[in-house]
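Protein sequence lines, in the order shown, are assigned to chains A and B.
In case it helps, the working numbering puts the first sequence at residues 2 to 122.
In case it helps, the working numbering puts the second sequence at residues 12 to 756.
Everything labelled a hint here was simulated from the structure, so no lab data went into it.
In this text, all values refer to a predicted model and were calculated from it rather than measured experimentally.
Where a beta carbon is used, it is the ideal one built from N, C-alpha and C, also for glycine.
A hint or two may mislead.
Restraint ranges, calculated between C-beta atoms of paired labels, are given here [stated by the list, open to error]:
1. B/249 / A/93: 32 to 42 Å
2. B/593 / A/88: 53 to 63 Å
3. A/41 / B/444: 30 to 40 Å
4. B/115 / A/88: 39 to 49 Å
Straight-line C-alpha distance at most 30 Å; calculated DSS-like pairs for lysine-lysine [claimed, not checked]:
5. B/529 / B/493
6. A/91 / B/491
7. B/491 / B/371
8. A/91 / B/371
9. B/491 / B/529
10. B/493 / B/100
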Amino acid sequence: MSKLILTVDDSASMRMLLKASLTAQGFRIESANDGVHGLERMQEVEPDLLITDINMPNMDGFELIEAVRAMPRFRGTPILVLSTEFSDDKKARARSAGATGWITKPFDPAKLGAAIRRVCP
Amino acid sequence: MSDELDEIQAIFFEECVEGLATAEAGLSEMAAGDASAEVIAGVFRAVHSIKGGSGAFGHTALLTFSHRFENVLDEVRAGAIPPTAEVVKVMLGAFDILSDHVAAAREQSAPPADESVLGALDDLLANKGAGASAPPAAAAPPPAPATSPAAPSAAVPDGDEFGFVPVAAAVEEFDPFGFEPVAVSLDEVVELDPSDWTVRFGPSREALANGGEPILVIRELERLGGRVERVDGSSLPDLRDLDPENSYFVWTLSVPGSVAETEIAECFDFVAPDSLIEIVRTEAAAPAVRIEPALPEPAPLALVAEEIITVHAPPVAEAPPAPVPAPAPAIEPTPAAPAGERSERASDQPSQTIRVDLSKLDQLLNLVGELVIRGSILADRLSPADQERVELPQLSRLTRQIQDSVMSLRAQPIKQAFSRVPRMLRDLSAETGKQVVLDVAGETTEVDKSVIEKIGDPLTHMIRNAVDHGIEPPEERIAKGKPAEGIVHVSAEQKGARILVRVSDNGRGIDRARVKAKAIEKGIVAPDAQLSDEEIDQLICAPGFSTAETISNISGRGVGMDVVRSNVEALGGRVEISSVPGEGTAFTMILPLTLAILDGMVVRLAGQRYVLPLASVVESVRPEPGQVQRATPTSEVIELRGSYLPVRRLTDFFGLGRGLEHRPEDCLVIVVESDTAGLVGLMVDTIDDRREVVLKSLDQNLHPIRGLGGATILGDGSIALILDVEAIVSASSPTSKHNLKGLAA
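For reference, chain A alone in the conformation it holds in the complex (with noise of 0.2 Å):
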């Protein structure tokens, strides 16, 4: 089975992309709009892994981070960030908050994918 991701952005054209670059690499994916709905999503289907944007309304990448994290299920999963931020301060937060990884936007497909067989097993 191949691996299932969520992927959390509240673009719907970034979803898309991911979607298609990502399924296009024998991935399955989820998606959601904003932390509220990733976290609800993340329940729902238990991913392999989830890539989630930090600058979302609603709850924020941080917050949808630390949620996931929180719950014993999740505690394994790993979770990358997939934000055109980059600053030093923002990534302490992420990884504070239980982040795995941090790939800066725009992200190539092949990086992409390379990047998620690093984390995800």
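Following the hints, complete the assembly by docking chain B onto the known chain A.
Frame of chain A; chain B shown alone:
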């Protein structure tokens, strides 16, 4: 894939438009004094999203600009730059340029000149909003702003420090933030016969807590040709002291020297920075290390432990390492099977909205229209008792509800069409030196999407007109005792089956004497023509009457109002003008709700059937002899309960051949209420029926015909034309209410 990419890109641009609207609304609120965290965050997020997508689609100029705009917004959001009026003004300027960048990216045209605005943004960053009014041009950085050292976050992110290294830019040759390209490494080029790498890796506790998986890093190093030489488990504590969530191992690997250091470093991208990571060139004698692992430092005791551990899987990894991992599969994106793609795309959408191709909605609407028509044919053929028996009324009601639902699918808030207005006013105001305040109302009014798309240009002309010709320069206004700032009102409202979009100003009003003189000069009207004020105002819309040159000499850019009129008429609407000298002018576009169901009265004119929209019908009268009187040689009035209403003979209006000799008492007068002329009587031969009809647009088949709003198919399958009451009563004619004022009083 490229079709799909185009489609995604189209959606990205839609998002940009939405984002720009959000940003503009937020900035306007900030300008109005509401700089709450929520408002600022909304603007930030909108610009941020535009930046994110622009990078993904390779719109370098847009990315660069939005990035630097975002930097300032980020500081404002963090409270480092106070949102003073000056700061908001700079950001509004930046917003305008951002809109231009989006447009340029969309149209693949040259990006706008943004140096001066970027300079102003950089000033804000530099002096934290204090004295933001420093001349921007002087501080403008040279072009190629992406590499400007002035933008703080354009610095190369320090990947080593935290292990979070950006993976790559989407477009290889494009590197806006100064990332080091990952693919190219000097080592590859310079070192022809390099010695091997020794890589040491000891993941920290945090690396595991955040979902990191050391075995994956090791596998990746193995893919590069690396080999685990040794595992140091010397720090492994006694069982009772063992923290099962910690890692106590340090792996040492050798990786072929031909592999670039960056490639190795990349494997550790996501490893927490407090982990042990060492990548060093093996000493000259290195090859020997691989052949006979004569290990330099570890104690013999540790060596034993290592061997045991190497046999077993590392305890932190649940899955044992695959014996020989197959080389990484090619990860070139390949198109998925089309069928799968489609279903996946459908499920990709958030649950709240779904994007549907407009043509599918139109098809649905047409089918529902056919359903309605079939329903009325059925009603025609069944007796009322039979209709009840087969529950036809219930079916009709359902059909109607379906039609309403489909209509509402196409309806969009007119806000989208209004979103360009604030920007335009700012530009115009800067261009003309006039001070203009915008007042928008009714922007949530829902209008058919096709109408929204088409009113953009007329709206632009009307607003340009209002500022160019309506609003006076500040000094002139003050001299007249008006406030220096002019106001432009833009509003939308639904009135029955019509949408009214109005642009009004409190400027000088139409200079009728000059308009008339110009019209005579241009040969549009005869020199001796007697014209009412309304008729003179309408001349502005006459073909060949260029307002831009005649009333003021400012513009030269705008297209005449005749274009506005023809655009609006092409939509089945019309333009109304009202003006009070010294007080202002209002232009109103009266537009139909396209493709609606209409409650209609089927009337006969010269034996043919027409449909009169029931919404405008007040009553119908069978005139007594003498009740309809000649008011002038060419106009008639009807006396109704002591007052006189103008009467129009529709057979004359449409040139159907019967003139005034036709006796009024053989006809019916239907009193209709219009926005323009109040109550007016329309003379028809007879009334046939009352029914719901589906309005079918004529404009794809016929040139717009004044007085006709569309066509429909009646129950018996024959075609009837639908009358446009407003157009009929407002058609320039001697019986307009203006001429009857004295008579009616």
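Here's how the hints hold up against the structure:
no., hint, result
1, B/249 / A/93: 32 to 42 Å, "34 Å, holds"
2, B/593 / A/88: 53 to 63 Å, "57 Å, holds"
3, A/41 / B/444: 30 to 40 Å, "54 Å, violated"
4, B/115 / A/88: 39 to 49 Å, "28 Å, violated"
5, B/529 / B/493, "28 Å, holds"
6, A/91 / B/491, "57 Å, violated"
7, B/491 / B/371, "56 Å, violated"
8, A/91 / B/371, "44 Å, violated"
9, B/491 / B/529, "26 Å, holds"
10, B/493 / B/100, "25 Å, holds"
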